[in-house]
Amino acid sequence: MSSSTILIIGEHHNGRIRTVSLELVTAARELADTVDGEVVVAVAGSDIAAIGSEFARVEGVDRVVIAEHASLNPFLPGPWTGAVSGIVQQLEPFVTLIPSSITGRDYAARVAARLDLALVPDVLALSIDAGQVVAHRAVLGGRVQTAIRFVGSGTAMVTVGPGAYSRASSGERSAPIESVDVSIDDSDKRAALVDRKEHKAAAKGLTEADRIVSGGRGLGKAENFALVEELAGVLDAAVGASGATVGAGWRAHSDQVGSTGHTVSPKLYVALGISGAPQHLVGMSGSDHVVAINRDPDAPIFKIASFGIVGDLFDVVPALIAQLKSAAD
Amino acid sequence: MSTAPSDLKIAVLIKQVPDINEVTVDPATRYASLGSARVMNTYDAYAVGEALAIRDRFGAHVTAITAGPPESRNVLLRALATGVDEAILIDLPHHNDVESLTTARIIATEVAKHEFDLVLAGQSSDDYESGQVGPQIAETLNWSHVSLVTHVDVRDRLLIVNRDAEASKETIELSPPAVLMVLSGREESQRFPSLKGMIAAKKKTIPVVDVGEGAGPSRLEWSVPTAVEREADGIIVHGAPAEEAAGQLIAWLKEQKLI
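If you read the protein sequences in the order shown, they are chains A and B. Taking this note's numbering, the leading residue of the first sequence gets 735, the next gets one more, and so forth. Taking this note's numbering, the leading residue of the second sequence gets 361, the next gets one more, and so forth.
Here chain B stands alone, though its shape is the one from the complex (with noise of 0.2 Å):
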């Protein structure tokens, strides 16, 4: 894809991460491990569907960056194949095991050699849900960020960014540089990786990036991780009518004093 000097140089976060269906846990000891199956965050792949759009309708360049082990090389492809111009790993073997200011500090220092505009990412990761490191990318680059974003406009080179918030929709109005976290996917922006798009993947160079000593070591240790106890015993009505299992919840109801 050829870029006039005028587009976006847009970069889309994604990470890898485990399939939150899939936790196992020891009977005896509680202890919870992940399964093997690993795939792309969810709001990830919203911001993906996000940098594509605005793409196609203002024309920018879509680079996917990953931070994470070899195999986290999966997601890129994914991404590559759905559409972005070129993807980049940053080698982070035990990505889980710094903290996310470190991740957030090693991501910033790649974003700042290629002069991005923008930086789009999912809200947050499925596995560990802290949401810092967009956020964090954005202080570290001393830029603005906005989360929860539902749409984003540019109009001469400004950003209108639509975000949904706790009580309230708003419009938010910046320029570029900025950390935009992308909360939902319109279906108009969501995109899928075709056949053709795999196989054209595949014969892209996907550039790692080492940072060698850049993780340093982590302020906070964590416990091994233990599976909440979740056997609630309750009442289970099946296969009754209607009328039956809604006189039965009724009474269940008025015994707890929840009515």
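Chain A on its own, in the form it takes in the complex (with noise of 0.2 Å):
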């Protein structure tokens, strides 16, 4: 049956388990429909028991195993691809399945080295094809796609970028939880975090958001951010920003909503001065609506917007913020 195996490295982050891991459940049911095989979760860290059981709840999910092991808080990449090279390594899955986020990213690298596999990172969807793995994904800032077919041996490793999959829902059900016993060598401690300073809360929820209103260059500065901030307000959505403003030192990366940064895919997503440089455009794409302000009327922005406006954004803003408040009233 280990042939079969569809295996996810569950992702969490202070207790709670993150949502692309429960949309990596529906990616990997589907595979695993496919081919007849199961469904493992494995959740790596410390003190996890909790976070376990929360995913045994997870519908789709035919079993849990936990990794526990003190060396995995904080996360390092070092301990991780250790204790995630031994998963795989014990598991023998058909194919692995990692989050695409900073974490995910940082460790599925080096577990391929390890293991020596191929790994196809940020893929948008999985099928399987003459019983071969293909994963598609988007490259050259998101402006072209790809379908990438694993031909060689041993397990098809992907990490998955959020929002590609809707998220599995949780039931009254338990699936069996066993633990599995890695072990993490000291070469992979010799990292060691001296500092962790949190950003703040709301940020956060920028994966989860189903609006935001996001600032580029075109805000001139970032004292500027504050009509972002303002028009986020009335609207109830998240703050989100552009590669160049966070690499001008305007926003934190935290806030960075494109390549290197999160991949989103709200409802309602609004671009106030962002001109749509590809590796902003592969970030936000997969949004259901797109609101654009933009002076420049050529901007790419426009050609994946549901509803532009091509003017100054220090005339349409406030407007907007003003008329959006007087109908609140």
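Errors might be hidden in some of the hints.
Said to hold, decoys possible - A few chain A residues facing chain B, derived, Cβ under 8 Å:
1) 835
2) 844
3) 859
4) 880
5) 884
6) 928
7) 931
8) 994
9) 1031
10) 1042
No wet-lab data here; the hints were simulated from the structure. Every residue gets a Cβ at the ideal spot worked out from N, C-alpha and C, and that includes glycine.
Two chains, two frames, a set of hints: combine them into the complex.
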């Protein structure tokens, strides 16, 4: 049965399952149903029994394995590479799904190198054709899509981006839970985390927000993000930022939407002063509705906008805020 | 530049990438092809800047390395003109047809030959954005790596690295050797080629490393890339006064049941 195991490395943070893990369950279930296999969620970390039980309640999960190790918290890529490599070696899965998060990307590449596996990152969809796994992903800043077929032996390892699949729901059920032993070599523990400062809680909701208002270089300077925040406040939206503004130091990286930042797929995405560089579009083009306000009529963002306003955002946005506020009164 | 024995030996990895703003699409087949323009990968330019900032503050010898076709020499010339001390071209003509892991192993072999203390690379490439090669070089050499690096300090040969993670800012301490993947270009560490630097760069010899059959077959088969359909066919309001444009947007948001 091991050859048709679809393995997910479940992601959790501060004692909570991260949404992307639930999306991976949906992806894994589809594959498992195609090959008559089983969906196994592996949870790695320290003090994770409760997380394991929570995963066992998720519909579509056949089995949960827990790999407990004190060195796995806080996250560092070395110990996680050791743990995840151990899990993959023990379960010998047909496919291994890792969240394409900042932490997932950090260890997936090393695990692939350690176990000599081919890895396809940031996958948008998975299918099975003639018994081989085919991973679909976007390249060149999201402008181009390609299908990549695993033709070698060994587990097909992929990282899957947030928003690619719908979330699996939880029910009154409990899949079997078992423990696996993982050992972590001292050579994987050489880097030490000496300080960690959490960003403001508000920024964490970006990948799960239904509405996002993002700002770009068109805002001119960091202080003008106040306008983005005000509109976000009126719309009850999360605040995002383009890579250019993060590179310039106007916003924290945790706010960044696009390649090397977050991939988001809200119902409403409002882009203020964002031209729509490919690196940004790749992170938000999955949004249901895109509103763009920009001075440049040729800005690429207008090509994907459901509603665009060519104009000065410093005129349009205050007018928009005023009208939204008066409509709410 | 003279190098004191205590100085760090730094390799900075650079990829020459197509200008991703120049993708053209065949309207009949939707097949995508690239323009001829080739540039230094965005994040790799930040890595060059960070390497030179480390050299200025703590003393270091900086070698730029690229793996790619012969024309990749141009990004090495640019790095030399920006101030790196030397450059190496690893001859890998079909570098986009090989697996990231293969590329990583080829570069790791070269890194091991020169006993570098530190490898700096950009967080990911503009074209394929896999971000795999850096961590996989570290894994191949059994080194540590840190991603999303924003600042590097060196104290008594201990590296103090700041990184910008998803929900936190972190400080990580580690001893060389290590691979650091650079995320941002701080203003004080951004470097641009000077005319004098460009003239000097052209006089330098760039050794070419032959990897022979080192690439081997890939375990991944790519389909012909096609353009992503990107015609939202949206409503565009152009030239309306701000109040009117805002009003139309609100009406549309209501219609779509978004407010």
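- In ascending order, which of the hints set out earlier in this document are inconsistent with the structure? 3
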